[in-house]
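Starting from the known structure of chain A, arrange chain B on it as the hints suggest.
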Amino acid sequence: MIFSFDLLIDAIVSGILIGAFYAAVTAGITLSFGILDIVNIAHPGFIILGSYVVYFINAKLGLDPIVAAIVVMPGFYLLGAAIYQIYYVSFEKRGQESIRGLAFFFGILFITEVSLVLYFGVDYRYVEAPYIGPTWHLGFVDIPLRILVPCLVSVSLIAALQLVLTRTFVGRAIMAVAQDELALRLMAVDPIRIKRIAFGISIATAALAGAFLIIIQPVEPSVGREYIGRVFAICVLGGMGSLPGTLVAALLVGIVESLTSTFYGPSWAPAVSFGFLLLTLAVRPAGLLGR
Amino acid sequence: MRSDIFFIISLIVGGCVYGLAAALGNDYYFFAGYVVVQYVVLATAWNILGGYCGYVNFGSAAFFALGAYSTVAMYRLYPPMPIPVDVAIGGVASGVIGLGTGYLTLRLRGAFFAIATLALAVVLETLVVNWEYVGGSRGAFIVRPETIAPFGSYIKYLFLIMLLVAIGSITVARLIERSRLGYGFATIRDDELAAEASGVPTLRLKLIATTISGALMGMAGAPFPYYIGYLQPSSAFGLDYAVNSIAMPLIGGTTSWVGPLIGAVLLGSLQQIATVTISSAVNLLIVGFLLVGFVIVAPKGIIGLVQKYIGRRPAGQVGRRRIKADAPEAAP
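Residue numbers (this note's numbering), protein chains in the order written: chain A, 1 to 291; chain B, 1001 to 1332.
It should be emphasised that the hints constitute simulated quantities derived from the structure, not laboratory data. Heads up, the beta-carbon is just placed ideally off N, CA and C, and yes, glycines get one too. Please note: incorrect hints may appear among the correct ones.
[As the list claims (entries may be wrong)] Each computed EDC-like pair below joins lysine to aspartate or glutamate, with the alpha-carbon atoms no more than 20 Å apart:
1) 93(A) <-> 180(A)
2) 60(A) <-> 220(A)
3) 1300(B) <-> 92(A)
4) 93(A) <-> 1191(B)
5) 93(A) <-> 181(A)
6) 60(A) <-> 123(A)
7) 1156(B) <-> 1027(B)
8) 93(A) <-> 1190(B)
[Claimed, not checked] So these bits of chain A aren't anywhere near chain B, every CB distance computed over 10 Å:
9) 8
10) 10
11) 41
12) 70
13) 86
14) 136
15) 159
16) 176
17) 223
18) 259
19) 263
20) 270
21) 271
[To be verified] Computed footprint of chain A on chain B; a stretch qualifies when at least three of its residues, placed anywhere within it, have a C-beta under 8 Å from a C-beta of chain A:
22) 1129-1137
23) 1276-1289
Just chain A, with the same shape it has in the complex (with noise of 0.2 Å):
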């Protein structure tokens, strides 16, 4: 183990630039575990989903990454919102969401993974974009521009997902659907819409936080299990449903998986995330900032 205080300030500053981008990958979990309660363990496959449909219009038009996912973000949005309709009638309605529930979405995951493994196969891909490849340094800290630009956009999406949840009219009503669902239809607001419709955005996110997946590093199919993990500690570790919370608990775990690569070597990091979401559930399960 070698430490020095460069090294330290190194590792906390790419701890941050990565965290935020894990606050990115874990919105959609936020909103749609946290605040909907439907265990969307496929999630993470629908962020790699996102990142090989970023890489096929990367590939083929050559557009910008970040732009594609925005482009792509409303098929992203009406493929949740499908999903959610066949989950509700199959499960929700008949009041058998939990082991089922799970099931169905493991079931999803697998199949995802499968089928880019048969369309696209095993190989690692990746997107060309400018601010690919260069970094900045500032005195002994190094920040790749390729982590840095997925960080300000993923702290921006956060900013705004938070905005939509606290002023506009749906946002509200998805907040309340979490609290108490028999008042939302007490006052004419379809509750299953309401769910339609957050359950969509958190798909949608998927497409945003797979773009920067693929920025940040090379994809290949299977790479979504890693993040099973991380997005549900981050997300019970930020309060469920909380995205202020979602936030500081990807920081954090953003930069202890930093110091733990840096000073005991890589192959310790996933255990890191896990073994934060072990501890939180068995000595505090209500989070950071629990709700």
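Relative to chain A, chain B alone:
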């Protein structure tokens, strides 16, 4: 049917299966059959926790891999270890970890438990990857003897062991189902709070379930290094074990021991056929679609479909309903 008679009958059935595979005269059937029987064990083990208690375990692969790696560790310690001893050790190791998981996740219900088991799988995989003694990320070689005394080729011996483990786990599952333990598990599945309130020791029952389920999965994994010859973390912790051990009981039906058996035999053979005739990626795709399709269309699995067709009440629900009906009378 009494359990000892059931056990003898299943031994006879097992003997017939072995005889059939031997009569086909090709070692390939033993290789394919081993995987199917291994899935029977995994599905039955998963169902003890998932089907009877209603706790979804996504970490089946972790318990399986733990059994496999305990064999590797034993192999490093004392090379000529008989496999039944490995199976016992693997079972104990996974059972202990199962008990530990139970303690760690006692307060978690529903989705949180499921996510915690997923987390556990990754933590264990990271530990194994960093543990040089059992090969680390490079993997470990196990030298399998070509032949063994009364059986001829070694795979026949492995198949027989796995068959016995499968018979054992089905017997255990059936015993649990018809005992007070099984009724206790059913109360946890139906309403844990109400069960706790009416004096069911839910905590102890859950610990028993995680331990038995974990131990059986470990026993399924213990002979695996000898089967595959070269074990690496990514193959032992493969997501397909987790998916299959969930999909098989759900497709077969989770309320009784028959469900996982039917699901595992059907899905396992289908995958073996698809691997040979189409490709191994397509066979996984089939599992995914069957899982999603079945949970949407046939929530009670194949057993549910059959019973609806014949018009009988589901076998596993007889006990469950009786408990529900008895509950108000039992309370003073």
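> So which of those numbered hints doesn't the model satisfy?
Replying inline: The structure conflicts with hints 11, 13, 20 and 21, although it agrees with all the remaining ones.
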